[in-house]
Each structure stands twice: as structure tokens, then as C-alpha cells.
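Now for the letters of each chain:
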Amino acid sequence: MRAGPYFVNEEDDPTLVLRCREGDRDAFERLVIRYQKPVFNVALRMLRNRQDALDVAQTTFLKAFEHLGDYDPAFRFYSWLYRIAINESLNALALRKPRGELDANTADDRAGPDRAAEGDQALQAIEDALMRISPELRTVTVLRHIAQLSYDDIAEALGLPEKTVKSRLHSARERLRDHLRQSGAI
Amino acid sequence: MTDDERMALIHAELDGDLSSQQRADLARLLLGDPQVRALRDELRGLCSRLDGVEQVEPPPHLKDSILGHLPSVPVVAGYRKASLGRWRLAAMVAGLLMAGTIVYETVQGPTPGSRETAGTMGADTPTTLDSVALGTGPVTGRATLYRDKSGLAVGLEVSAPEPVDVLVSTGDHSFRINGLGSSTPAGNTRQTIALPGVRVQGQKIELSFLIGERTVSRATLHAPSGP
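As they're listed, the protein sequences go chains A and B.
Anchor point for the first sequence: position 38 equals 38 in my numbering, and the numbering is continuous, going up by one each time.
Anchor point for the second sequence: position 130 equals 130 in my numbering, and the numbering is continuous, going up by one each time.
Treat the hints as calculated values from the structure; they're not laboratory data.
The reader is advised that the hints may include incorrect statements.
Claimed, not checked - Within a straight-line C-alpha distance of at most 30 Å, the following computed DSS-like cross-link-like pairs (lysine-lysine) qualify:
1) Lys37(A) with Lys63(B)
2) Lys63(B) with Lys63(A)
3) Lys163(A) with Lys63(A)
4) Lys163(A) with Lys37(A)
5) Lys63(A) with Lys37(A)
To be verified - Pair by pair, the computed Cβ-Cβ distance ranges are:
6) Asp25(B) with Asp55(A): 45 to 51 Å
7) Glu5(B) with Ala94(A): 33 to 39 Å
8) Ile33(A) with Glu5(B): 43 to 49 Å
9) Pro60(B) with Gln148(A): 19 to 25 Å
10) Gln35(B) with Asp26(A): 54 to 60 Å
11) Arg96(A) with Leu31(B): 45 to 51 Å
12) Glu136(A) with His222(B): 21 to 27 Å
13) Pro60(B) with Thr164(A): 37 to 43 Å
14) Lys163(A) with Pro60(B): 37 to 43 Å
A virtual CB, placed ideally from N, CA and C, is assigned to each residue, including glycine.
Given these sequences and hints, build the entire structure.
Listed below in C-alpha cells is the structure:
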């Protein structure tokens, strides 16, 4: 006879996901605590709207919970989670009125208290520029520079070759620089 | 060198991807061309500003809002969705169990004796293949894997202060048994779950014990490789 039952105390993502799949809601709570901030921030920088970002963050976790059975453990959990968050953000953007007008102008009043807290013209210039590039370019920029993901992680999250991710990021940087120049921020 | 090649070198530097040869090429470019130097400085500054964007704290209610909206399905919803076929299969197996095999409960005895199983699961004395104690947590008792002429069965002898649900996973099949440990005043229940048609030779049978949807204990039974 072997040793008795074992108790799994590890807090790594795969273990927590496994526990979630077995119906352990506490394990899912641990994942929410771990990833609510990065997911919220990705959505916030994608949408530049605090309420929309909260909605996207909530939807992201609820969809993750619903689809845990579809999650392939061969992939990193957070890459999968970011993929959902990005898709939800893109959906939210698609529901907005003509993108050019709204994206460029959804700024200050929508950002709410964070605007005052951040209160930084440089940040505002960056946010303005981010909202002026296409969602596809913004996605790679946000994942790389806001979420601090590696190219490998971004490629996994977006289901793109790493080469494509780099190419998009290079285009994004050049567009952002152009917008910052136009606005006199650099 | 074309403009695209210059830009590629600058981006490669920003990405930390420069080879030593490229590094030397870029250094030469930067020394000889002020425009390239200005462009590189702008892009470096841009990346620095992007990396410096502060992370905003989500409101405290976000977590509670998420958790409050989770479906109250006993088994996590995604698992249910992905495993719908598996659960249907489990339901079919359960139906077969009702028709042709036995799920029986009693409150005493660590293993079912041949007299207890006479005319039910199998008249022959079951062979114990593996058995594990359930430790010192809120769930105590023993899990035992048997084989008799009808096939494999898992015996659970459970004692717990509250009803315990048990997930039995054999890799291809999953079963859930609800409310163990709650049928007697002492909180002791013994239940045997037949696993007809389940081939687990050489495989593990994972048991998860849940109280209020929280996993409080796990155990693993190992089926021998032989027939």
C-alpha cells in the first residue's frame, strides 16, 4: 500500500486550472486575484474607457470559467486568458461608432478618476497615439509594452507567427512615433 | 543600406535581437548619420514611455463581481461543456449500472465480503487491487479498488462532518457521487461504485473529495497493468 491521499497545495496556474476543472471555485478565485489587474489594464489600454475595461475584464474571466474545458494545458494559461481579453476588447471596439472619431476622443471624461491620478501629459499623449493606430497594431503594442509579454507569449496569445508579431510591433512603433510627432509630444 | 534595413536594425536593437555584426553595423550608422541617430533616439524614447505606463489598480469590487457572476453549476461549467459527451456517456453507464450492476451502500465493514455481494455485483470474493487511507483532513476513511468477475469497482468508506461529493476520474470516464458522508448520523458512508467496461489497467483512478465545491482531499488508486 502506498502513502495515503495527497493534498495539492501548489499555486501554479496548471494546478489551479486543474482544481477549477474539478469544481474548486477557490482555485478560480486565486486565478482571478492573480490576473485581474493585468487583464483590466490590457482592456483599459485597448479601450481607453474604464467602464468598458471593467466589463471586458469581467467577461474575460466568466468566459474563461465557462470554457476551462476547452483550455489546452499545452499553452500557458495567461496567454489563453489574454487572448480572450483581447478578443473581448476588439468586440467592444467593433460595437463603437465610427472608430476614428470615437477612439481618438474617448479620452478624458471616460477615463474617470484615473485621469486625474495619472494626470500626466506624456501619458495622455501616449494614450492618444495608441487610440489612433489600428486595433491590430494596438493589440501587439499593449501586450508587449503594457502586459510586458514576450514575443513568444504574444504569438501564442494571438495565434500568430512570432515574425508577424514583430512586424506588427515595428509598424506600431513607427505609427506611434508619427502621431507623437504630429502632436508635438516629441 | 536601405531605409527599411536601417529601421530593421533599430527595431532589432530595441528588441534585443542584434547579432554582433548587426551591432557593429548599427554603431557605424549612428556615428555617420545624425538622422538615423535621431530616429533611433525617438523610438527608444517611445518604448521607454510605453514601458513606463503605470498599471492601474482595478476597483476592489471587480473580483467579487466576477465571482458573483460565476454559474452555480456544481461541476465547473467549462468542464461540463467540454465534457458533455463524457457526462452523457457517464449517464449511460450509470443507467447500465442501475440495470445490470450494483451500487450498494452499507455502514460497516472495510471491504465488502463475499456474503454481502452474493447475488449482486459478483458472488466471488472481490480482489483488492489498491487501497489508500484518506488522511487526517475533514474527509477521512479509505478508498479501495476492487476487481471481481463483473469487473472493477471503487469502494469508498467516508467519514466527514458535511456531505462530500466525490469525482472519480479514470481518464476516459468521469463519475460524480454526491452526498457521501451525510446519510448516517455518524457521518459515515460506505459506497461501492462499479466500473463496468472501464479499462483502467495500468492507469490511475483519481479521486477528488469536495465539500461545498471546494476540493478538500485527493487520492489516487492505481490499477495494476496485468489483466
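Cross-check of the supplied hints:
Straight-line distance between C-alpha atoms of lysine 37(A) and lysine 63(B) comes to about 10 Å, which keeps the hinted pair within the 30 Å bound. At roughly 14 Å between alpha-carbon atoms, lysine 63(B) and lysine 63(A) fall within 30 Å of each other, so this suggested pair holds. The suggested pairing of lysine 163(A) with lysine 63(A) holds, with an alpha-carbon distance near 29 Å, which does not exceed 30 Å. At roughly 28 Å between alpha-carbon atoms, lysine 163(A) and lysine 37(A) fall within 30 Å of each other, so this suggested pair holds.
Distance restraint check for lysine 63(A) and lysine 37(A): the Cα-Cα separation of roughly 17 Å lies within the 30 Å cut-off, and the hinted pair is therefore satisfied. Between aspartate 25(B) and aspartate 55(A) the CB atoms are about 48 Å apart, so this pair conforms to the stated range of 45 to 51 Å. The given range of 33 to 39 Å is respected by glutamate 5(B) and alanine 94(A), whose C-beta atoms sit roughly 36 Å from each other. For isoleucine 33(A) and glutamate 5(B), the Cβ-Cβ distance of about 47 Å falls inside the hinted range of 43 to 49 Å, so the restraint holds.
Checking the proposed 19 to 25 Å range against proline 60(B) and glutamine 148(A) shows it holds: the Cβ atoms sit about 24 Å from each other. Between glutamine 35(B) and aspartate 26(A), the C-beta spacing of about 58 Å keeps the proposed range 54 to 60 Å intact. In this structure, arginine 96(A) and leucine 31(B) meet the distance hint of 45 to 51 Å, their C-beta atoms being roughly 47 Å apart. Range check, glutamate 136(A) to histidine 222(B): Cβ separation about 50 Å, and the 21 to 27 Å hint is violated.
Taking the beta carbon of each, proline 60(B) and threonine 164(A) are about 38 Å apart, inside 37 to 43 Å as hinted. For the hinted restraint 37 to 43 Å between lysine 163(A) and proline 60(B), the CB-CB distance of approximately 41 Å keeps it satisfied.
Of the numbered hints given earlier, the model fails hint 12 alone.
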